[in-house]
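Q: Sequence:
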Amino acid sequence: MTVYEKWTTTNKGISIQRLGGVDSDFAPFLQHAGVPSIDLYYGRDFPVYHTAFDSYNWMTTYGDPLFQRHMAVAGIWGLLALHLANDPIVPLNYLTYTAELQEYTKVLSNLLEGSVTLRPIIASIQQLAAAAKEAEEEVKKLKEQENVGDLLVLKKRILNDRLMFAERGFLDAEGLQGKQWFKHLVYGPSSDLESKLVFFPGIIDAISRSKRTNKTEGQAAIQHEIWRVARAIQRAAYALKGELT
Numbered sequence: 001m002t003v004y005e006k007w008t009t010t011n012k013g014i015s016i017q018r019l020g021g022v023d024s025d026f027a028p029f030l031q032h033a034g035v036p037s038i039d040l041y042y043g044r045d046f047p048v049y050h051t052a053f054d055s056y057n058w059m060t061t062y063g064d065p066l067f068q069r070h071m072a073v074a075g076i077w078g079l080l081a082l083h084l085a086n087d088p089i090v091p092l093n094y095l096t097y098t099a100e101l102q103e104y105t106k107v108l109s110n111l112l113e114g115s116v117t118l119r120p121i122i123a124s125i126q127q128l129a130a131a132a133k134e135a136e137e138e139v140k141k142l143k144e145q146e147n148v149g150d151l152l153v154l155k156k157r158i159l160n161d162r163l164m165f166a167e168r169g170f171l172d173a174e175g176l177q178g179k180q181w182f183k184h185l186v187y188g189p190s191s192d193l194e195s196k197l198v199f200f201p202g203i204i205d206a207i208s209r210s211k212r213t214n215k216t217e218g219q220a221a222i223q224h225e226i227w228r229v230a231r232a233i234q235r236a237a238y239a240l241k242g243e244l245t
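Count the sequence shown with full-length UniProt numbering and you get residues 1 to 245, in order.
Calculated from the structure, these hints are not laboratory results.
Computed from a predicted structure; not experimentally measured.
C-beta: ideal position from N, C-alpha, C; glycine also.
Check each hint, because a few of them may be wrong.
Straight-line C-alpha distance at most 25 angstroms; calculated BS3-like pairs for lysine-lysine [what the hints assert, rightly or not]: (1) 156 - 133; (2) 133 - 155; (3) 133 - 143; (4) 140 - 155; (5) 211 - 143; (6) 156 - 143.
What follows is a list of derived Cβ distance ranges for each label pair [claimed, not checked]: (7) 126 - 50: 40 to 48 angstroms; (8) 54 - 216: 48 to 56 angstroms; (9) 71 - 214: 57 to 65 angstroms.
Construct the complete structure from the given sequences, taking the supplied hints into account.
A: Below, the structure written as structure tokens:
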């Protein structure tokens, strides 16, 4: 059985989640510096993780005696590294990012029940979607060009810069309230420990705080965070189009 077959069988389909937590080494790169990141592992549940039993002996006896899973994941990591290092255009797709943002907005809309408008975020996501579509079309055209020259190399370099820097558009210099080190307004830690949502942490925290204040102040704080997120998404769209200066 291949890794792909095992993956689809275990998860009943393809499951790729965004990096919303802060319990891994990707947090400084993504949530502070805005560097596109990935967290890859084999299997969701590892009962002895970070316990006294997490040892070579346990692995050779119970976990992965022949280290086949280790070799499989290492092979995927290596292949991914080769693509990131050698592909003429970095494989970053912001259309899927936009789709995720749209789903988050739907969840947020149900949570707010119309008490606060989400139009700023919706409009910004539409801008990002348009920029992402243009970028994908540009990627396709550049890949189809067979001639190799300095101008084509320069075009690919400029596009790669835009694809890499777009993630940084989601950062805000002020960071999250009470957690200023975390700059990413889409993915980051929420202060609401009861919330299972892993997106728009500033908005989620504002909603949580609104339950302990009067209605007017609470809604104003939520709206403020919504505008911050909307501007961040708009910055990402500008960066993807090469218009962020």
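Q: Tell me, in ascending order, the numbers of any earlier hints that this structure violates.
A: 5
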